[in-house]
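> Sequence:
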Amino acid sequence: MFIEFKTEVEHVLKEALEKASYEYKELELAESDHADISSRVAFALAGNYKKSPKSIAEEIVKHIALPTDETLISSAAAAGPYINFYVNDLYLHKTLLRIKEGTNSTDEKKKGKIIIEHTSANPDGPLHIGHLRNAIIGDGLARVLKRAGYDVETQYYVNDMGRQIAVVVWGAERITIATNKKPDHAVVDVYIAANRMVEEKEGYLSEIKALMGNYESGDEAVVKKYETVVNKSLSGIKESLKRLNIQHDRFVFESKFVREGAVEAVVKELLQKGNVKRDGAALLLQLEGIEKELVIRRTDGTLLYTTRDLAYHRWKSSRCDRMIDVFGKDHELVSQQLTKALELMDVRAPEFVIFAFVSLPTGSVSTRAGRYISADELMEKIEERAYEEVDKRRNDLDGDMKREIARKVGIGALRYDMVKVSPEKHIVFVFEDALDIEKKGAPFVQYSHARACSILRAAAERGFLLEEYKYSELLPREESEKELIMKLAKFGYVVEGAALELKLHLVAKYARELAEMFNVFYKYCPVLNADDNLRKERLYLVDCTKTVLHNVLDVLGIEAPEEM
RNA sequence: GGGCCCGUGGCUUAGCAUGGAUAAAGCACCGGCCUUCUAAGCCGGGGAUCGCGGGUUCGAAUCCCGCCGGGUCCGCCA
Numbered sequence: 000m001f002i003e004f005k006t007e008v009e010h011v012l013k014e015a016l017e018k019a020s021y022e023y024k025e026l027e028l029a030e031s032d033h034a035d036i037s038s039r040v041a042f043a044l045a046g047n048y049k050k051s052p053k054s055i056a057e058e059i060v061k062h063i064a065l066p067t068d069e070t071l072i073s074s075a076a077a078a079g080p081y082i083n084f085y086v087n088d089l090y091l092h093k094t095l096l097r098i099k100e101g102t103n104s105t106d107e108k109k110k111g112k113i114i115i116e117h118t119s120a121n122p123d124g125p126l127h128i129g130h131l132r133n134a135i136i137g138d139g140l141a142r143v144l145k146r147a148g149y150d151v152e153t154q155y156y157v158n159d160m161g162r163q164i165a166v167v168v169w170g171a172e173r174i175t176i177a178t179n180k181k182p183d184h185a186v187v188d189v190y191i192a193a194n195r196m197v198e199e200k201e202g203y204l205s206e207i208k209a210l211m212g213n214y215e216s217g218d219e220a221v222v223k224k225y226e227t228v229v230n231k232s233l234s235g236i237k238e239s240l241k242r243l244n245i246q247h248d249r250f251v252f253e254s255k256f257v258r259e260g261a262v263e264a265v266v267k268e269l270l271q272k273g274n275v276k277r278d279g280a281a282l283l284l285q286l287e288g289i290e291k292e293l294v295i296r297r298t299d300g301t302l303l304y305t306t307r308d309l310a311y312h313r314w315k316s317s318r319c320d321r322m323i324d325v326f327g328k329d330h331e332l333v334s335q336q337l338t339k340a341l342e343l344m345d346v347r348a349p350e351f352v353i354f355a356f357v358s359l360p361t362g363s364v365s366t367r368a369g370r371y372i373s374a375d376e377l378m379e380k381i382e383e384r385a386y387e388e389v390d391k392r393r394n395d396l397d398g399d400m401k402r403e404i405a406r407k408v409g410i411g412a413l414r415y416d417m418v419k420v421s422p423e424k425h426i427v428f429v430f431e432d433a434l435d436i437e438k439k440g441a442p443f444v445q446y447s448h449a450r451a452c453s454i455l456r457a458a459a460e461r462g463f464l465l466e467e468y469k470y471s472e473l474l475p476r477e478e479s480e481k482e483l484i485m486k487l488a489k490f491g492y493v494v495e496g497a498a499l500e501l502k503l504h505l506v507a508k509y510a511r512e513l514a515e516m517f518n519v520f521y522k523y524c525p526v527l528n529a530d531d532n533l534r535k536e537r538l539y540l541v542d543c544t545k546t547v548l549h550n551v552l553d554v555l556g557i558e559a560p561e562e563m
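Numbering (the numbering used here) for the first sequence: 0 to 563.
None of these hints come from the bench; they were simulated from the model.
Worth double-checking, as some hints may not be accurate.
[Stated by the list, open to error] In silico DMTMM-like pairs for lysine to aspartate or glutamate, Cα to Cα no more than 20 Å straight-line:
#, residue 1, residue 2
1, Lys438, Glu383
2, Lys110, Glu500
3, Lys109, Asp218
4, Lys535, Glu482
5, Lys109, Asp150
6, Lys424, Glu515
7, Lys419, Glu512
8, Lys181, Glu382
9, Lys208, Asp218
10, Lys339, Glu350
11, Lys481, Asp390
12, Lys481, Glu515
13, Lys112, Glu292
14, Lys502, Asp150
15, Lys438, Asp542
16, Lys439, Glu558
17, Lys110, Glu3
18, Lys110, Glu482
19, Lys438, Glu350
20, Lys61, Glu27
21, Lys438, Asp390
22, Lys272, Glu292
23, Lys380, Asp320
24, Lys438, Glu561
25, Lys419, Asp435
The model shown is predicted, which means the values in this text are computed figures rather than measured ones.
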């Protein structure tokens with residue numbers, strides 16, 4: 000509802016500025032602690048008109064005319080150089096009505112199709128904490144954009160023909176893949192061992208190269224072996240993702256583009272349109288503004304990841320209006336090269352969300368060296384930790400119920416933690432800190448939701464039903480009620496902003512603030528023991544809050560337990 | 001060495017793109033609140049020369065220049 004209020008303020012302010020005959024560029028509207036919305040336009044005008052911002056603000060306010068009916072604005076006032084606007088009761092009322100109707104968010108609009116690629120971890124082993132950050136950011140963005148009205152498709156790009164798969168295939172012929180382990184963990188054991196062997200004995204490297212050549216030329220037996228390894232890893236990875244509440248709409252295999260000839264087509268086109276140097280059979284693409292040339296074909300004639308990625312992006316581009324790639328910081332140069340190369344091919348470049356790495360106190364993460372913490376291990380431990388907390392508080396529940404709550408709380412805490420910080424911030428992962436279920440993180444929000452559910456349950460038991468109520472009946476008696484509604488009204492606005500800027504931590508922050516408002520309301524406004532009319536009204540408010548808490552958690556991919 | 005990113009109370013961060021009303025939160029710390037709907041809660045308190053130095057501006061955490069510290073990339077790996 001805040002969006003509608005802002006739109007009305009824009010309209011009213013524009014009219015006033017015209018009436019006062021000021022030429023302006025921007026309305027300079029912003030949220031403020033001092034008002035429901037505030038304009039700084041007087042500052043901008045002061046220079047041109049050689050008047051003090053204060054007098055300009057006062058003059059503009061004199062020209063403000065509020066509509067007589069259906070307005071959401073109660074008043075406008077100058078506060079020094081600022082022009083402040085305030086909402087009225089109708090605004091509060093409509094906010095709740097909208098939530099009830101389910102139109103509080105903007106999900107009815109269609110804004111176009113977005114393909115968002117995330118996770119895309121190599122199928123050479125299980126996901127580790129670095130991939131976790133990628134997956135959680137990617138899935139969160141997808142959810143925000145969906146909620147903001149876009150048609151979103153998530154894709155996992157599977158590097159099913161890189162060298163690391165060749166290493167595993169080679170290794171599997173010497174070491175048996177364990178069958179009593181989660182498949183991705185069984186694969187990585189072989190990968191690590193094989194890498195060690197290759198490092199120790201030089202001759203092995205040529206065997207792996209031969210394997211890659213055979214795969215690219217389509218040797219059926221080799222292709223089968225590759226597929227077995229890739230599918231094994233992938234099934235384990237999917238399991239981990241599912242546990243995180245993440246599901247990709249589509250898995251795209253890079254080999255697809257090789258087989259269909261799309262990669263060859265890219266090479267041909269770049270030869271034609273780009274500045275390509277030849278070094279034997281190798282092809283080096285010189286890109287404008289980037290010192291490092293992009294190798295698109297090796298001396299031995301095999302292709303590289305980036306070349307195949309170009310074909311993938313061309314294909315993606317033709318299927319959507321916007322592309323978003325969630326990449327780790329190590330892919331930054333690649334992302335620039337990708338952008339330039341796609342430009343040459345007249346293909347729209349994707350938008351990149353680059354996140355800084357998660358490192359361990361002992362140094363950076365490396366799957367090859369076996370130096371990582373797997374996502375599975377982390378999830379296991381955090382759920383255990385959450386279980387201890389639930390167990391401490393809820394002796395009355397049976398084990399299954401407690402485990403179910405612990406699962407939601409543990410995974411929720413993990414997801415919230417990953418998302419509350421800007422992606423460009425480097426994270427040093429300390430296990431004990433991650434397990435320390437932070438008070439104002441996901442559990443805090445989930446707890447508020449559980450409290451709302453608890454009130455509604457108790458109300459139903461006593462036979463208090465939710466009823467429709469009329470505008471005149473909405474009379475917030477307490478400041479905390481009003482503030483809660485004000486916060487509820489901003490859900491759509493926050494989602495819109497987060498979608499626009501691709502910033503998930505805005506949603507995380509909003510979730511925490513909303514939970515906090517509800518907790519204050521909970522403290523000061525008894526619901527079940529209030530007078531009839533007040534109870535109806537508050538019950539209605541609790542129900543609305545529950546809905547929005549549930550929705551905001553959903554945007555973060557976090558489940559909302561009914562009790563905890 | 002070059003490119004990009006980060007540097008805000010003891011710790012972790014928001015704000016920075018588009019400069020404006022007392023620099024905003026969480027953790028930790030100190031002190032209160034369970035006879036009313038779940039205390040994973042609520043209320044109060046202390047604590048920041050916004051890395052350093054210059055500049056632009058009526059006004060700088062925010063913009064510009066320089067420096068310092070940390071990260072990351074600079075593979076015919078992915």
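> Are the hints correct? Go through all of them and say.
Structure-based check of all given hints:
1. Lys438 / Glu383: The given pair, whose Cα atoms are some 17 Å apart, holds under the 20 Å limit.
2. Lys110 / Glu500: Distance of about 15 Å is within 20 Å: holds.
3. Lys109 / Asp218: 46 Å, violated
4. Lys535 / Glu482: 18 Å, holds
5. Lys109 / Asp150: Holds, because 7 Å separates the two Cα atoms, which is no more than 20 Å.
6. Lys424 / Glu515: The hint is violated at about 26 Å.
7. Lys419 / Glu512: 13 Å, holds
8. Lys181 / Glu382: 18 Å, holds
9. Lys208 / Asp218: 14 Å, holds
10. Lys339 / Glu350: 13 Å, holds
11. Lys481 / Asp390: Measuring from Cα to Cα gives roughly 36 Å; hence the hint is violated.
12. Lys481 / Glu515: 13 Å, holds
13. Lys112 / Glu292: At roughly 33 Å apart (the allowed maximum being 20 Å), Glu292 and Lys112 break the hint.
14. Lys502 / Asp150: 18 Å, holds
15. Lys438 / Asp542: Given that 20 Å is the threshold and the Cα spacing comes to 24 Å, the pair is violated.
16. Lys439 / Glu558: At roughly 16 Å apart (the allowed maximum being 20 Å), Glu558 and Lys439 satisfy the hint.
17. Lys110 / Glu3: 18 Å, holds
18. Lys110 / Glu482: Violated. Lys110 to Glu482 sits at ~31 Å, over the 20 Å cutoff.
19. Lys438 / Glu350: Distance ~34 Å between Lys438 and Glu350 Cα, so the pair is violated.
20. Lys61 / Glu27: 18 Å, holds
21. Lys438 / Asp390: 17 Å, holds
22. Lys272 / Glu292: 15 Å, holds
23. Lys380 / Asp320: 41 Å, violated
24. Lys438 / Glu561: Cα-Cα ~19 Å, so holds.
25. Lys419 / Asp435: 15 Å, holds
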